[in-house]
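Enquirer: Let the hints inform the model, and build the full structure from the sequences given.
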Amino acid sequence: MTDISQTSAPAKQPVIMGRRRIRMSDVVDHAVLILGALLMLVPVYMIFASSSHDAITIHREGLQFGFGEHFAANYNAALFEYGGFTDSVNGVTMLTNSLILGLGFAIGKIIVGMMAAYAIVYFRLRFATFAFWIIFTTLLLPLEVRILPSYEAIQAMNLANTYTGLIVPLIASATATFFFRQFFRSIPEELIEAARIDGAGPVKFFIDILVPLSRTMIAAMFIIMFVFGWNQYLWPTLITTDESLFTLVRGIRQIIQAYADGSTTPEYGEAAALAIIAMTPPVLIVVFFQNWFVKGLTESDK
Amino acid sequence: MAKVNLQDVRKVYPNGHEALVPCSFDIPDGELVVLVGPSGCGKSTLLRMIAGLEEITEGQLTIGDRVVNHVDPADRNIAMVFQNYALYPHMTVAQNMGYGLKNRGLPKPEIDQKVRDAADMLDLTEYLNRRPNQLSGGQRQRVAMGRAIVRSPDLFLFDEPLSNLDAKLRNQMRIEIRALQRRFNTTSVYVTHDQVEAMTMADRIIVLNKGQIEQIGTPSQIYGSPASTFVASFMGAPPMNLLSGSVGDGVQIDGGIAVSGPSPQGHTGPVTIGIRPEDVEPSEAGVLPFEVSIIEELGAQRLLHGEIGGQSFSVAVPKDQNAETGTMKLALKPGAVHFFHNENGRRI
Numbered sequence: 000m001t002d003i004s005q006t007s008a009p010a011k012q013p014v015i016m017g018r019r020r021i022r023m024s025d026v027v028d029h030a031v032l033i034l035g036a037l038l039m040l041v042p043v044y045m046i047f048a049s050s051s052h053d054a055i056t057i058h059r060e061g062l063q064f065g066f067g068e069h070f071a072a073n074y075n076a077a078l079f080e081y082g083g084f085t086d087s088v089n090g091v092t093m094l095t096n097s098l099i100l101g102l103g104f105a106i107g108k109i110i111v112g113m114m115a116a117y118a119i120v121y122f123r124l125r126f127a128t129f130a131f132w133i134i135f136t137t138l139l140l141p142l143e144v145r146i147l148p149s150y151e152a153i154q155a156m157n158l159a160n161t162y163t164g165l166i167v168p169l170i171a172s173a174t175a176t177f178f179f180r181q182f183f184r185s186i187p188e189e190l191i192e193a194a195r196i197d198g199a200g201p202v203k204f205f206i207d208i209l210v211p212l213s214r215t216m217i218a219a220m221f222i223i224m225f226v227f228g229w230n231q232y233l234w235p236t237l238i239t240t241d242e243s244l245f246t247l248v249r250g251i252r253q254i255i256q257a258y259a260d261g262s263t264t265p266e267y268g269e270a271a272a273l274a275i276i277a278m279t280p281p282v283l284i285v286v287f288f289q290n291w292f293v294k295g296l297t298e299s300d301k
Numbered sequence: 000m001a002k003v004n005l006q007d008v009r010k011v012y013p014n015g016h017e018a019l020v021p022c023s024f025d026i027p028d029g030e031l032v033v034l035v036g037p038s039g040c041g042k043s044t045l046l047r048m049i050a051g052l053e054e055i056t057e058g059q060l061t062i063g064d065r066v067v068n069h070v071d072p073a074d075r076n077i078a079m080v081f082q083n084y085a086l087y088p089h090m091t092v093a094q095n096m097g098y099g100l101k102n103r104g105l106p107k108p109e110i111d112q113k114v115r116d117a118a119d120m121l122d123l124t125e126y127l128n129r130r131p132n133q134l135s136g137g138q139r140q141r142v143a144m145g146r147a148i149v150r151s152p153d154l155f156l157f158d159e160p161l162s163n164l165d166a167k168l169r170n171q172m173r174i175e176i177r178a179l180q181r182r183f184n185t186t187s188v189y190v191t192h193d194q195v196e197a198m199t200m201a202d203r204i205i206v207l208n209k210g211q212i213e214q215i216g217t218p219s220q221i222y223g224s225p226a227s228t229f230v231a232s233f234m235g236a237p238p239m240n241l242l243s244g245s246v247g248d249g250v251q252i253d254g255g256i257a258v259s260g261p262s263p264q265g266h267t268g269p270v271t272i273g274i275r276p277e278d279v280e281p282s283e284a285g286v287l288p289f290e291v292s293i294i295e296e297l298g299a300q301r302l303l304h305g306e307i308g309g310q311s312f313s314v315a316v317p318k319d320q321n322a323e324t325g326t327m328k329l330a331l332k333p334g335a336v337h338f339f340h341n342e343n344g345r346r347i
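Top line first, the protein sequences correspond to chains A and B.
Counting from 1, position 259 in the first sequence corresponds to residue 258 in numbering that gives the first Met the number 0; the numbering is continuous, with no gaps.
Counting from 1, position 55 in the second sequence corresponds to residue 54 in numbering that gives the first Met the number 0; the numbering is continuous, with no gaps.
These aren't lab readings, by the way, just hints derived from the structure by calculation.
All values reported here derive from a predicted model rather than from experimental measurement.
A virtual CB, placed ideally from N, CA and C, is assigned to each residue, including glycine.
Keep in mind that a hint or two might mislead.
[To be verified] Heads up, simulated DMTMM-like pairs for lysine to aspartate or glutamate below, C-alpha to C-alpha not over 20 Å straight-line:
(1) B:Lys107 with B:Asp165
(2) B:Lys107 with A:Asp207
(3) B:Lys2 with B:Asp74
(4) B:Lys209 with B:Glu57
(5) B:Lys107 with B:Asp71
(6) B:Lys318 with B:Glu277
(7) B:Lys328 with B:Glu295
(8) B:Lys2 with B:Asp28
(9) B:Lys209 with B:Asp278
(10) B:Lys101 with A:Glu192
(11) A:Lys203 with B:Glu296
(12) B:Lys209 with B:Glu54
(13) B:Lys318 with B:Glu342
(14) A:Lys203 with B:Glu125
(15) B:Lys101 with A:Asp207
[Said to hold, decoys possible] Ranges of calculated distance between the beta carbons of each label pair, as one might list FRET restraints:
(16) A:Arg184 with B:Asp122: 33 to 39 Å
(17) B:His69 with A:Ala152: 58 to 64 Å
(18) A:Arg184 with B:Asp74: 25 to 31 Å
(19) A:Ala152 with B:Val70: 44 to 50 Å
(20) B:Asp74 with A:Pro141: 45 to 51 Å
(21) B:Asn163 with A:Tyr232: 48 to 54 Å
Expert: Structure follows, in structure tokens:
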């Protein structure tokens, strides 16, 4: 029997210098990714390029790849030229309306969702589980499904053509409640008990402990909900007939339609410009908040 | 500072499970009592009932002169240290320690002063502005201690506070906690499943098993005269050897091996014989034939595992004594033999 002792480390393999071999699978992987990216980005680019042409060019030659000379004029018109039947709405008004809808929806939903989740997770309610499942089933009933009764209800409450009527029915759905419930349940029990011994009542616990702990989650929710609210089309179309309440997303179509009804060429350039404007805020929000977003969905720093 | 009294305190969970049969005991002022037992024995439930985190099904709990059965945890003037520290991750160390005081409405300068004093005592001063996730495990546990100290509570409650720490740190924190407790002379209840922690820290130990108190006593009482086979085998590492035998004309281990020494009074027939591994020593003149099959090296001592008359048995010998597998004779030290009832396991 020989003694076992530490063996000396094997001589280091000489590092092979030179170019890394490119593997076939890498090429395929990248090709797929690049193709996917192109598929997403080329239409955006075409819209962007087209927004610098006048309507006649686009009408005659279709969407453009190169840049034209009407960039400033188109964006100026899209933002500041009053349009619609009543000439009471321009791009800035619609941008404001969209922002109000997006922010109101996101913030409202986060507040309602958090409070509902708080009640369900932390209080011994008689029908807490039942209530949760009731709330949960609304996931199966998005606004589009219940659009007629919702419309009736809002109409009956005289809330058509108001921001309230625009925002509140959209808030009524379970996504935020569901996410916050899952998040709250992952917070260790001891933390709650420590807070109880430290004399934090329900409200203090919510504000001092739960809200700060949820901030990444809140940020993630905010992004998702803002984009979701911003992109709403059907409900705003239905509930707002007053043009001063139009949002950007439906405004794009309105411009084309309004002009198309006449004998003139639809203002394709302006519509493209408006589309780019409509795209910008959600993109900016995602770009600036993406760190938070990823953290909120993956991190468990508790 | 306060004494604690439990009178027939019982816990039944809504699903009907009786986590704690009615139990009564007193904790005198300034004493550190350790609740020890295997997992699921009800020790944590008991602690949480004292804290007010768990409702008391029946019985009466008194802290100081106050019956606190229905008093909110925050108003019991207690402080609790949790196993996973339960620090607020979004607050600095100072905020963590001062949060309870802030909720009590103390003025800010006073809170600052108390937090600084506690931090000083715990060597945390330079970390006051850090977040918990920037601290090591031991430091976090200190912060949790600090959070308990600043409140100057009547009662400290510890819920397995050291089980998340590595062995070396655990030994160190054990001494620190004990020193702090002595210094403040605050009545404390300490829950652990680690019998070494229980033995080293406690003024008194309460051994729990299946929701029942097996024995209450000082560490030396618990170790020296365990009240049941459960206590005998739970406290001590390696545990006490339990052999089945009988008492008739003298004491015999099954297989006809006679054991010298006194026999239990007023009991004949089958019996459980308990012998601690360190209460026997290898000796040519010994009476017990011991078949060694495995030798464990522990550094300071060796553990010999084997059989006596077909029943497993362990012996601890000092490190300077040679040991080999095979047969040897064992001699009993005086007072080495404990007797337990063979059915209910109680001490005879």
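Enquirer: Does each hint hold? Answer for all of them.
Expert: Now the hints, each set against the structure:
1. B:Lys107 with B:Asp165: violated, 36 Å
2. B:Lys107 with A:Asp207: Holds - the C-alpha atoms of Asp207 of chain A and Lys107 of chain B are around 17 Å apart, at most 20 Å.
3. B:Lys2 with B:Asp74: holds, 16 Å
4. B:Lys209 with B:Glu57: holds, 18 Å
5. B:Lys107 with B:Asp71: violated, 24 Å
6. B:Lys318 with B:Glu277: Given pair Lys318 of chain B, Glu277 of chain B holds - Cα atoms ~12 Å apart, limit 20 Å.
7. B:Lys328 with B:Glu295: holds, 19 Å
8. B:Lys2 with B:Asp28: holds, 4 Å
9. B:Lys209 with B:Asp278: violated, 29 Å
10. B:Lys101 with A:Glu192: holds, 17 Å
11. A:Lys203 with B:Glu296: violated, 55 Å
12. B:Lys209 with B:Glu54: holds, 19 Å
13. B:Lys318 with B:Glu342: At roughly 37 Å apart (the allowed maximum being 20 Å), Glu342 of chain B and Lys318 of chain B break the hint.
14. A:Lys203 with B:Glu125: violated, 29 Å
15. B:Lys101 with A:Asp207: It holds: about 11 Å lies between the C-alpha atoms, which stays within 20 Å.
16. A:Arg184 with B:Asp122: 33 to 39 Å: With Cβ atoms ~36 Å apart, the hint holds.
17. B:His69 with A:Ala152: 58 to 64 Å: With Cβ atoms ~45 Å apart, the hint is violated.
18. A:Arg184 with B:Asp74: 25 to 31 Å: Holds, at about 28 Å.
19. A:Ala152 with B:Val70: 44 to 50 Å: holds, 47 Å
20. B:Asp74 with A:Pro141: 45 to 51 Å: Between Asp74 of chain B and Pro141 of chain A, where Cβ atoms are some 47 Å apart, the hint holds.
21. B:Asn163 with A:Tyr232: 48 to 54 Å: Hint holds: Cβ distance 52 Å, inside 48 to 54 Å.
Hints 1, 5, 9, 11, 13, 14, 17 from the list above are not met by this structure, while the remaining hints are.
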